[in-house]
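Asks: Dock chain B against chain A, hints included.
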Amino acid sequence: MSEQEKLVFDRADALVDVPTHYCPGCQHGVAQRLAGELLTEMGLTENTLLVTSIGCSVFLYNYLNVDSVEAPHGRAPAVATGVKRARSDKFVLSYQGDGDLASIGMAEIMHCANRGENVSIIFVNNTVYGMTGGQMAPTTLVGQKTTTSPAGRNASKEGLPIRMSEIIGQLGGTAYSARVAVNNVKNIRKAKKAMKKAFEVQQKELGFGFIEVLATCPTNWRMDALKANERIENELIPYFPLGVHKDVTAEVED
Amino acid sequence: MSRVKFLEERCKGCLLCTVACPKEIIRQSDRFNQHGYKVAEVPAEDMDKCTGCTSCALMCPDIAIRVYRTPKSKGAAKND
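Chains A and B supply the protein sequences, listed in that same order. Residue numbering for the first sequence is 1 to 254, as defined by this note's numbering. Residue numbering for the second sequence is 1 to 80, as defined by this note's numbering.
What the hints contain is simulated information worked out from the structure, not anything from laboratory work. Hints should not be assumed to be uniformly reliable.
[As the list claims (entries may be wrong)] Here are some chain B residues pointing at chain A (derived, C-beta under 10 Å):
(1) Met-1
(2) Ser-2
(3) Arg-3
(4) Cys-11
(5) Gly-13
(6) Val-19
(7) Pro-22
(8) Cys-53
(9) Thr-54
(10) Ala-57
(11) Leu-58
(12) Pro-61
(13) Ile-65
(14) Tyr-68
(15) Thr-70
[Stated by the list, open to error] Computed Cβ-Cβ distance ranges for the label pairs, DEER-style:
(16) B:Met-47 - A:Asp-224: 25 to 33 Å
(17) B:Thr-18 - A:Thr-132: 28 to 36 Å
(18) A:Gln-135 - B:Thr-18: 27 to 35 Å
(19) A:Lys-193 - B:Glu-24: 20 to 28 Å
[Unchecked claim] With a straight-line cut-off of 27 Å between C-alpha atoms, the simulated DSS-like cross-links for lysine-lysine are:
(20) A:Lys-227 - B:Lys-5
(21) A:Lys-186 - B:Lys-72
(22) A:Lys-192 - B:Lys-23
(23) A:Lys-186 - B:Lys-23
(24) A:Lys-145 - A:Lys-227
(25) A:Lys-186 - B:Lys-5
(26) A:Lys-227 - B:Lys-23
Backbone N, C-alpha and C define an ideal beta-carbon position, used for all residues, glycine too.
Chain B on its own, in the form it takes in the complex:
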């Protein structure tokens, strides 16, 4: 399973990542960081849809997203 980690203190809430995500699982959260920006998040129930494509991280102007990818085991890959 791949996942993304938002560095919430770096996020400025511009939401450019929400349109970059091909799975459209990134949204604005209800949380504010200490700078007063409403940060982006991936809801916990949607995180398993993440493919680790790094689109959101490439689009992010503030390097607020880290992407982790787990390689699929050969043959054992189920439909993602």
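The following block holds chain A by itself, in its conformation from the complex:
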């Protein structure tokens, strides 16, 4: 054979070569891999300060090869604000789940976005509190059974699920807000492009970058990985439509 065989897919340098603690089929793995690949491709690994949160994403500092600060539950955007203001030369990235960001951390994320802090936040929405045992989150779909809503979420009692990226897109300081999914190859490629945009707005100092990733939680959804992945397409995407909700770079080009 004359041609040389090429390695076309391997772990990016920003990702540490260790097994993750996530359950089989959990798409936290995909979300953090995309972040790691982008840090490598954009040459940001050496210059990044990561702010991690509480939830299944709590051990992210073990998986990304960057310096990090562990924030108290929900307070990652507040900690990221401090980190960015102290070291404005650094790229500041935060990674939170839906129980962390949309529930206990709602105040922090709102004001961080509204102030237009130059940070990028990855928000992984799997519609439950994953780490603590599958309790109902603000993003839990109506009718979804969780350990704290065994009869299914009741809209008249608990309200409707919160669509975070639309809300963040309404705020003045936001430069980029989008919702993506990682349920198939096409969506994964789109997710990576959107995540890159959210990183670029920080580099250009345009404001707050927010990306919501719809992900599975097979364990707490009581499904196998393939069924959980189908649920993203059939149940989550109809309620949480994919797309860009704010992009200041697009407005400039028009």
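Replies: The following block gives chain B in isolation, referenced to the frame of chain A:
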């Protein structure tokens, strides 16, 4: 010929790669890794169908798949 290599100690047997593969050549093997997960595999006889498209690796949450691609020589490419 392109090929994929499964890092069996990283595979958690979630089988998301089996639905991502456009050639549908990935399946569950009979082997368990040391964590007790039944790992995915491409049967040796099907490996020549692999195009090196990286779909399985993109889908894998655990970076358990490495993809190698051999560029086709111009003109000499047979039907794959």
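Asks: For each hint, tell me whether it holds in the structure or not.
Replies: Okay, the hints, checked on the actual structure:
no. : hint                             : result
1   : Met-1                            : 8 Å, holds
2   : Ser-2                            : 8 Å, holds
3   : Arg-3                            : 8 Å, holds
4   : Cys-11                           : 9 Å, holds
5   : Gly-13                           : 6 Å, holds
6   : Val-19                           : 6 Å, holds
7   : Pro-22                           : 9 Å, holds
8   : Cys-53                           : 8 Å, holds
9   : Thr-54                           : 5 Å, holds
10  : Ala-57                           : 4 Å, holds
11  : Leu-58                           : 5 Å, holds
12  : Pro-61                           : 3 Å, holds
13  : Ile-65                           : 7 Å, holds
14  : Tyr-68                           : 5 Å, holds
15  : Thr-70                           : 5 Å, holds
16  : B:Met-47 - A:Asp-224: 25 to 33 Å : 26 Å, holds
17  : B:Thr-18 - A:Thr-132: 28 to 36 Å : 31 Å, holds
18  : A:Gln-135 - B:Thr-18: 27 to 35 Å : 31 Å, holds
19  : A:Lys-193 - B:Glu-24: 20 to 28 Å : 27 Å, holds
20  : A:Lys-227 - B:Lys-5              : 25 Å, holds
21  : A:Lys-186 - B:Lys-72             : 25 Å, holds
22  : A:Lys-192 - B:Lys-23             : 24 Å, holds
23  : A:Lys-186 - B:Lys-23             : 16 Å, holds
24  : A:Lys-145 - A:Lys-227            : 16 Å, holds
25  : A:Lys-186 - B:Lys-5              : 22 Å, holds
26  : A:Lys-227 - B:Lys-23             : 21 Å, holds
Checked against the numbered hints given earlier, this structure breaks none of them.
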